Amino acid sequence: MLFGYHWDLTSNWTFALSILPILLHGMLVTIEATLLGFFIAAVLGLVFAVLRGSPTRLISYPVAFIVEFFRDTPLLVQLYFLYFVLPNYGILLPAFMTGAVALGIQYSAYTSEVYRAGIEAVSRGQTEASRALNLSRADTFTRIILPQAVPRIIPALGNYLISIMKDVPVLSVVTVLEMLNVAKIIGDRTFQYLIPLTMVGGLYLLLTLFASFLVRALDTRLPKRGIPLK
Amino acid sequence: MSDDTLVHFDKVTKRFGDFEVLKNLDFKVKRGEKVTIIGPSGSGKSTVLRVLMTLEPINEGVVYLDGDPLWHEKRGHELVPASEAHLRQMRKKLGMVFQQFNLFPHMTVMRNLTEAPVRVLGLSRKEAQERARELLDMVGLSDQADKFPPQLSGGQQQRVGIARALAMRPQVMLFDEPTSALDPELVGDVLKVIHRLAEEHDLTMLLVTHEMDFARRISDRVCFFDQGAIREEGPPDQIFTEPKNQRTQEFLHAVLHPEA
Ligand SMILES: Nc1ncnc2c1ncn2[C@@H]1O[C@H](COP(=O)(O)OP(=O)(O)OP(=O)(O)O)[C@@H](O)[C@H]1O
Ligand SMILES: [Mg+2]
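Chains as they are written, first to last, in my numbering: chain A, 1 to 230; chain B, 1001 to 1260.
Please keep in mind that the hints were generated in silico from the structure rather than gathered at the bench.
Partner residues aside, some chain B positions facing chain A, computed with beta carbon under 7 Å:
id: 1; residue: Phe1104
id: 2; residue: Pro1105
id: 3; residue: Arg1111
Using 25 Å as the maximum straight-line C-alpha spacing, the simulated PhoX-like pairs for lysine-lysine come out as follows:
id: 4; chain 1: B; residue 1: Lys1192; chain 2: B; residue 2: Lys1147
id: 5; chain 1: B; residue 1: Lys1011; chain 2: B; residue 2: Lys1028
id: 6; chain 1: B; residue 1: Lys1126; chain 2: A; residue 2: Lys230
id: 7; chain 1: B; residue 1: Lys1011; chain 2: B; residue 2: Lys1030
id: 8; chain 1: B; residue 1: Lys1244; chain 2: B; residue 2: Lys1030
id: 9; chain 1: A; residue 1: Lys230; chain 2: B; residue 2: Lys1147
id: 10; chain 1: B; residue 1: Lys1244; chain 2: B; residue 2: Lys1028
id: 11; chain 1: B; residue 1: Lys1147; chain 2: A; residue 2: Lys224
id: 12; chain 1: B; residue 1: Lys1011; chain 2: B; residue 2: Lys1092
All of these numbers come straight from a predicted model, not from anything done at the bench. For glycine and all other residues, C-beta sits at the position ideal for the given N, C-alpha and C.
The task is simple: from the sequences and hints, build the whole structure.
Structure follows, in structure tokens:
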């Protein structure tokens, strides 16, 4: 029994059917961790991208270093660090939060690159025209650069959303009950690993296919020249 | 400095790395004057306009605009590098038209013309739209207000570019080869608009162009740039018919008789 659901070992089919609600429970956790991790990565990445582009080296250099550090250390190391070291300094987060934050931090390194590339792809002429019209730096960024960068940023961010989803099982090592962890627990208790693990594979396939479909639909719908302002 | 000087480059040097693009440049433009800058590629013509538009900082010397230093601020009797606030104050007097138009492709023509007046000058959207409609009328594009720039021809885009700069009511208009990116059959409409502007007496104009006939018709003065300095300047009739400097003669010969 797990989460109040009993399994039925009469046949393979009844077993599969009986553990499906349990796996769906885990899938919900997987989706939540993905979304929260992605949200953190998307926001933190933008902050990093803006700070890295700062004309002040005292800001841009340390931020560049931090981003490089996040990118070059494994997710598992960051996760262990957050989970086992931070409590020593009085920062105690629930396992789920710790996991989402670790995902967010790791992927913020990638998303900040996405933002930077998207921003740099908007031609220098756009910034110069904004200057010549005396627009403030903030207006130039939010009204001229960002709307044109978004169509390049969204698809790339979407791909990282899918990567984050596939990294969620790493969180099982800090006891997060995401889908794979749940399947493993079922296996440990019933000595039936094949069926739960196969089902996790299938559910993951459905999830990623669905997410890819959404990303692609969004991509084709985005106006290539930028978010239109009438 | 006499009162009718609006732009004054006072011994200005501009470098890119070791390369001196502007060398100790002295250059003055009077209020209302229409000045054309000609010269070979790489001679620093664009750089002069870009320095004035505050797109490129300078290394030495002082640029004055309407009596105030552009790239500096006065602190007591000393000149210190200008703050962004000072630059924004100075930019109010300037407008620029780019070779590549640099219109905002995600904004309608109307929005291209109203964005800065609303955000920078604080006009209401309605006031800005009225102003924009007058300008679109002037450049012959009143029926294109709701289109996006990529839907327009190059010539139409550049006329939007001119209208967009004028919407800020600058005192000085800078044109950097406004017709060089255009198909030949579209050049005429843009030149007509610039010509009409040139007939307004209080607008000061600085124009970089390779359209020699046009330069001759509209300018009060022509400056021949070579290697970051003015080699020769004077009224268009003199420069185009009897240039004194040998480099000017060679340049004009090469431009006017490209096949020779
Ligand atoms: N950002 C830059 N970095 C390095 N060198 C530059 C930069 N901008 C311009 N230059 C160099 O400065 C010189 C003068 O450039 P500028 O654009 O002012 O010439 P120009 O007279 O406008 O030429 P053209 O007729 O080709 O437009 C050129 O040799 C150019 O390569
Ligand atoms: Mg040039």
